[in-house]
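Enquirer: Spelled out from the first residue to the last, the chains are:
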Amino acid sequence: MVQKLDYLKETPSQTAGPYVHIGLAPGAAGFDIYRQELGRDIAGPNAKGERIRVEGIVIDGTGNPVKDVLIETWQANAEGVYAHPESAGEVEEGFRGWGRVITDFETGEWGFDTVKPGPVKARKPLGTGPLHKPAHAGDDWLGRGDAEQGDMAPHINLWIVARGINIGLNTRLYFDDEAEANAKDPVLNLIEWHNRRPTLIAKRSERDGKVVYRFDIRLQGEGETVFFDI
Amino acid sequence: MSQAEFYQRDRERHPAALTPDYKTSVMRSPRAALISLQQSVSEITGPVFGHNDIDPIDNDLIHNYAKDGESAIGERIILHGRVLDENGRPVPNTLVEAWQANAGGRYRHKKDSYLAPIDPNFGGCGRTMTDENGFYFFRTVKPGAYPWRNWVNNWRPAHIHFSLFGTSFSQRLITQCYFEGDPLIAKCPIVKTIPTQDGIDSLIAALDMNATVPLDSIAYKFDIVLRGRRSTLFENRLEGN
Numbered sequence: 033m034v035q036k037l038d039y040l041k042e043t044p045s046q047t048a049g050p051y052v053h054i055g056l057a058p059g060a061a062g063f064d065i066y067r068q069e070l071g072r073d074i075a076g077p078n079a080k081g082e083r084i085r086v087e088g089i090v091i092d093g094t095g096n097p098v099k100d101v102l103i104e105t106w107q108a109n110a111e112g113v114y115a116h117p118e119s120a121g122e123v124e125e126g127f128r129g130w131g132r133v134i135t136d137f138e139t140g141e142w143g144f145d146t147v148k149p150g151p152v153k154a155r156k157p158l159g160t161g162p163l164h165k166p167a168h169a170g171d172d173w174l175g176r177g178d179a180e181q182g183d184m185a186p187h188i189n190l191w192i193v194a195r196g197i198n199i200g201l202n203t204r205l206y207f208d209d210e211a212e213a214n215a216k217d218p219v220l221n222l223i224e225w226h227n228r229r230p231t232l233i234a235k236r237s238e239r240d241g242k243v244v245y246r247f248d249i250r251l252q253g254e255g256e257t258v259f260f261d262i
Numbered sequence: 115m116s117q118a119e120f121y122q123r124d125r126e127r128h129p130a131a132l133t134p135d136y137k138t139s140v141m142r143s144p145r146a147a148l149i150s151l152q153q154s155v156s157e158i159t160g161p162v163f164g165h166n167d168i169d170p171i172d173n174d175l176i177h178n179y180a181k182d183g184e185s186a187i188g189e190r191i192i193l194h195g196r197v198l199d200e201n202g203r204p205v206p207n208t209l210v211e212a213w214q215a216n217a218g219g220r221y222r223h224k225k226d227s228y229l230a231p232i233d234p235n236f237g238g239c240g241r242t243m244t245d246e247n248g249f250y251f252f253r254t255v256k257p258g259a260y261p262w263r264n265w266v267n268n269w270r271p272a273h274i275h276f277s278l279f280g281t282s283f284s285q286r287l288i289t290q291c292y293f294e295g296d297p298l299i300a301k302c303p304i305v306k307t308i309p310t311q312d313g314i315d316s317l318i319a320a321l322d323m324n325a326t327v328p329l330d331s332i333a334y335k336f337d338i339v340l341r342g343r344r345s346t347l348f349e350n351r352l353e354g355n
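Top to bottom, those sequences are chains Z and U. Just remember that the working numbering sits 32 ahead of the position in the first sequence, which is counted from 1. Just remember that the working numbering sits 114 ahead of the position in the second sequence, which is counted from 1.
Some clues are possibly wrong.
[To be verified] Derived coverage of chain U by chain Z (criterion: at least 3 residues anywhere in the stretch with Cβ under 8 Å from a Cβ of chain Z; other residues may be distant):
#, region
1, 123-135
2, 139-150
3, 165-179
4, 182-191
5, 228-242
6, 246-257
7, 330-341
[To be verified] The calculated BS3-like cross-link candidates involving lysine-lysine, where the alpha carbons are at most 30 Å apart (straight line), are:
#, chain 1, residue 1, chain 2, residue 2
8, U, K256, U, K306
9, U, K137, U, K181
10, U, K225, U, K181
11, Z, K36, U, K256
12, U, K137, Z, K36
13, U, K301, U, K181
14, Z, K216, Z, K235
15, U, K335, U, K306
16, U, K301, U, K137
17, Z, K36, Z, K80
18, U, K306, U, K181
19, U, K301, Z, K41
20, U, K225, Z, K41
21, Z, K41, U, K224
22, U, K306, Z, K41
23, Z, K41, U, K335
24, Z, K235, Z, K36
25, Z, K41, Z, K80
26, Z, K235, Z, K80
27, Z, K153, Z, K242
28, Z, K36, Z, K153
Derived by calculation from the structure, the hints in this document are not laboratory data. Don't be surprised by glycine CBs; every beta carbon is placed ideally from N, CA and C.
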């Protein structure tokens, strides 16, 4: 026998089920209950930068649209700052950078309006676990290096839940007009199979003078979207 | 600025994506392996909510959709507990959302056509923020079991769906709370997507007689654990230690 580590274990995930809208978007379920539903306005009225729309569809392994999916989005503002105390910098008043997106129950099409995020600082070697830094040790006491790394290309983080999805799927949306930044992006470059990288890149077009990016998500099979274990 | 990562998610504790006895997962599960990502600021941050985002009535499902002077039908319960992280520390001021069927097992959703009736005084959703010590509670009615299309004759045990945020997008979690003593738990293909009995047990709320309100409501306790976090590398006084 050995001593017992006293960590708790994460609560297991369960599917969001077909009626996820009741809890997270009751208006879509067909009733009005809250003063305000959360996640409807991602960027707010004061956000600087380019106003864009993102549209897509989630497709299952049979090639059919997933009509009961719910997607959450998490992004930085146009300056690459997240609305969070641990992201360096300030965001515009009313910018939360988080959204909830639901599909049309008939077609499976979804879309959201936001601003295009800016590049975000890439990771440095981060935490140490519960290990204490000795008082006399220097900044690089674990010898992991403290060099600044480059930027990550502009991206929107997505989290996808639905009936039949046992644990939320994490992915990222990048932009096809950021080819140079995408080529240097440390996360895209982590994907060993070059031909899978385009599954994370939204395609830009204009419609009625508005910028629209198309981003279809394939859950399974040919052209399967890259999902991350974050 | 602290920028510590979260402990890796223990994928052996969560359901796999593909769980054939839960049939809908078969065509909705990725076949390729997930790409493991070391966390950047995109993953260690997440949306921040405050009390002005919600209203005090939002955590009272017995009344938050009821007509004035009326209340939802069913077994009145208090569902309470704590949100903790894997280090055993409370997760304060975090949004907790819940949704459920009514006492007859019927959801207020345009896609639910189960023959049990809608309760005109029950919406079926609630939300609250944990307090500074990670405590939360909901007042509601115990949901009913209901049949669903999987095998020919499957019944969901009584359950309440929970949605949790923590402080980062990497802690985002949706799960389901079951109730002590329900014989349907052991028969449910969705419950059984969880690979360990210990994991299943952790989703079963315990009858908590101490928290009951005499002559009013019975109580269940449901604690939730979100991913824990490492300590920061570059500070002498380590965050949280």
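Enquirer: Let me make sure I understand: some of the numbered hints might not hold for this structure. Which ones are they, in numerical order?
Expert: 4, 6, 9, 11, 12, 13, 17, 18, 20, 21, 24, 25 and 28
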